[in-house]
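Chemist: So you can see what is in the structure, the chains are spelled out below.
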Amino acid sequence: MTTQGNESGTTTALELRHVSKFFGSVIALQDISLSVEPGMVTCVLGDNGAGKSTLIKILSGVYSPSEGEVLLNGEAVTFSSPREALDSGIATVYQDLATIPLMSVWRNFFLGNEPRKGFPPFRYLDRAYAKEVCRTELLDMGIDIRDPEQPVGTLSGGERQAVAIARAVHFGANVLILDEPTSALGVKASGVVLKYVLQARDRGVAVVFITHNPHHAFLVGDRFYLLNRGQMMETFERGAVTREQLVQAMAGGAELEVLEHELESITRQ
Amino acid sequence: MSNSLLVTDERMASISTVTRILRRPEIGALLGAIVIFLMFTAVDTTGIFASLTGLARWSDVAATVGIVAVPVALLMIAGEFDLSAGVMVGSSGLFAGLLISNWHWNMWPAIAATLVFAAAIGFINGWLVMVTGLPSFIVTLAMFFSLRGINLGLTKVITDTVRVADIDEAPGYDLARSVFASEIIEPYDYKVAVIWWIAVTALATWVLTRTQFGNWIYAVGGDKVAARNTGVPVRRTKITLFMCTSMSAALVGVITLTRLRSMQAGQGVGEEFTFIIAAVVGGCLLTGGYGSAIGASIGAAIIGMAFIGIAYAGWNTDWTWLFLGLILFLAVLVNTFIGRRASGARK
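Same order as they appear, the protein sequences are chains G and X.
First residue of the first sequence? That's 26 in my numbering, and the numbers climb one at a time after it.
First residue of the second sequence? That's 2 in my numbering, and the numbers climb one at a time after it.
Derived by calculation from the structure, the hints in this document are not laboratory data.
Glycine included, each C-beta is placed from N, C-alpha and C at the ideal position.
It is possible that part of the hints are untrue.
What the hints assert, rightly or not - The calculated label-pair distances, taken between Cβ atoms and stated as ranges, are: (1) X:52 - G:196: 53 to 63 angstroms; (2) X:159 - G:100: 58 to 68 angstroms; (3) X:128 - G:100: 32 to 42 angstroms; (4) G:146 - X:48: 39 to 49 angstroms; (5) G:144 - X:189: 34 to 44 angstroms; (6) X:117 - G:157: 35 to 45 angstroms; (7) G:100 - X:236: 19 to 29 angstroms; (8) X:322 - G:165: 51 to 61 angstroms; (9) X:128 - G:36: 39 to 49 angstroms; (10) X:334 - G:254: 49 to 59 angstroms.
Using the sequences provided together with the hints, build the complete structure.
Modeler: Take a look at the structure:
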């Protein structure tokens, strides 16, 4: 049901066709097909152990699939490293592994894409430019860093996510993969991150939003894939699904209804 | 937005200049070096410790430590150790010495071949660490003992002694001596090795703070996974650093060989920890991701002052090791304290 990704006429940025991944006898993913379009937020929902991490690693070039194909702009590709995926415009922002705490904000922002002056082998970092761009790009996203020289470790969790997202967007990512960007954040900070997700989308980026939170997904998603125990369970399009349906599908229906009632009775007291 | 801009100024002011300076990794070492210099000046019995002649003496000791300690510090910032750096001084000296005295090579091709040999050993270290995933502590410790055995074994087999001698008979020796082992600035007789030390420190500082590769060094040591995720070639960065460490040890090997005109098979053994002490005293974190090249050089200077200062004070030089032990402990204590205070970055 999910193999056809191109019916609306837009070019598919990234597509998986019947992808499986095995680790020895463990089946981490089985027959996964999905497509990701530019200017849209594609949500992959799944609980712990659903195979989200493995899926991210395949999309971002850390693993190659055991079976099936990865298509980038309609062409089959095999990435042998995250660097290759990155060079092809696929940027991944990991939950807590996106930035290096002891390094300054601007060094983190340009890590792996350092702007340089001079001629080889005497090329050196363009520090003034880097700090300026880093500051203005982050201000554009509404994050005001006090000082580009300050270590990233001193920023809050939301700010760190934002630095990582701003970095990916600045370096022209066509596909932006976000691994649980809101899971460690408070309500307000989550809202801020979701705003960056929409800003990235409006710039024409194909955003893949991986989360276990159906409420956050519903707020920004255009298409929803439900992953469970390594298999693709259901697919919804925006407008054809309500928040309740999404939550139910995610949690396995009746079980959650009971829990919801219990919780409601507690909160009413 | 305008709101947050206002807040910016408020928060900027809360970081004082003092904290900014205290944040530098080498500050503890610098303060320590000043204290140690004053102390040895006070207990000096010869009256030359604080003179330019005294500087020439201890800077010579510091240079042979610092030339290797600086790349060792870079490697430590990248999160790895090289315990084979000390014995590599001996191995490379013997390698060059054998080419020259036994196979009658010209001095310069022999030095070039030695650097290639050292780069290869460094590559093997780095490659083994990256491929096996074993701690570099273990891999380079194994390399240390292997080279130590090879140094003695091969030298005995080839020369029937435990040393390689008669280097000064080789063609090209005089020029090599003027480049690696001459004295400069009469009448103090500074060793030219000091120039090499300063050059290595300056180059390493430039690379570390001003280049892309320097950014990668901090990144791979700070968080290997995050670095790889952002596209930093972790394996290449670390292997390059292992090669640099090994080649810097070879430079000291060549300096020692041209200076002494011979090489003992046991040369350099035990030095590996001196390099690590210099780097750690200089503010490098053992866990990686933090430190500086200048700090390692200041650490080397402290070691040089200790060796010469204790002799000039008229004390038995055996006490040097006790002194270095105490300095190491105090330096790490102070660095940790300062680091904790500064990374809080509140005042």
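Chemist: Just pull the numbers of the violated hints for me, sorted ascending.
Modeler: Hints that this structure does not satisfy do not exist here, as all of them hold.
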